[in-house]
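Heads up: the sequence lines are chains A and B, in that order.
In this text, residue positions in the first sequence follow the working numbering: the first is 1, and each later residue adds one.
In this text, residue positions in the second sequence follow the working numbering: the first is 1, and each later residue adds one.
Incorrect hints may appear among the rest.
Cross-link-like lysine to aspartate or glutamate pairs, in silico, EDC-like; alpha carbons within 20 angstroms at most [claimed, not checked]:
| no. | chain 1 | residue 1 | chain 2 | residue 2 |
| --- | --- | --- | --- | --- |
| 1 | B | 20 | A | 76 |
| 2 | B | 19 | A | 73 |
| 3 | B | 91 | A | 73 |
| 4 | A | 50 | A | 107 |
| 5 | B | 31 | B | 92 |
| 6 | A | 50 | B | 117 |
For the record, the hints were derived by calculation from the structure and aren't laboratory data.
Quick caveat, the model's predicted, so the values are computed rather than measured.
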Amino acid sequence: MEVQKTATLTTIFSEVLANLAFMFTDEETAEPSAGDLWLETTIRYDGTTKGTLAFRCTREFSILLAANLLGIDPRDIHAESQADDAVKEFMNIVCGQFVTASYGSNDVFNLSIPKIRELPETPDFSQDDGITTSTLSADDHRVQLAHETIDDDAP
Amino acid sequence: MPQDVLIVDDSATIRQMVKKTMAIAGLDVGKIHEAANGIEALARLNDHTVAVMLVDINMPTMNGIQLLTRMKENDRLKDIPIVIVSTEGSKERIEQLESIGAFGYVRKPFQPEQLRDVLKPLLGVRDNGSTENSNTDDDLF
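Looking at chain A on its own, in the form it has when it is part of the complex:
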């Protein structure tokens, strides 16, 4: 079940990235550069099922995403200043599409306001199991997606 959810998430991520930002994904993962600053954006959905999506990318990728969404040069000062906002809104859209694709359109889901934080170190890609996390390349930048279903009845 989780494998299917992660596959759905990866597909939707790729579609939204292509449609919205004209950026494209590849299964072959680009090597992360040493010294890259990594960001993690998380958003929670809450309805008949609850869960969290996480997206990890470098600061450089977030600036590129903002530039593409805004139709400006990545060196434009606005690309950097709106990078966090761009990634958060991007994940808001991905999450909205994800819950509809995963759970249908009959149930109401509330989405949280996305949160973004700097990671203290590069994500551990060796833990990428393809079940809860998936790593791919987006415009030659390594990015990681994660999905977790929250079970309120769990002890």
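We have chain A already, so just place chain B on it with the hints.
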């Protein structure tokens, strides 16, 4: 005469994208005002008159549904058409929005023509000057 618009979304990126999309769609828009949540939107409406509002649902402080509900209770604001622009995909939520008076709904990510189709009856378009309303209300949801 071009009419003013208010975009209400907590994401500055989306506000910018909506403005660009409206330009690409050829809509006949005057000044575009912006607000990051429902409270800011109500403050803008104290100072400005707008022909239509584009409103996100998922915002901090006062969300789009709360804003829509508040405006429908206000005689001065209740007739301003509100188009919801959101990631929301739930039929029940969309029906709820329609029942409390939203004029239309556009799901993110959107194409310029989707925005044009829902806003054309309210604003008209620049390319052919047509303000003909080709949509029924039902078409807008």
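Report task. Enumerate the violated hints, using their earlier numbering and listing them in ascending order. Result -> 3, 5, 6
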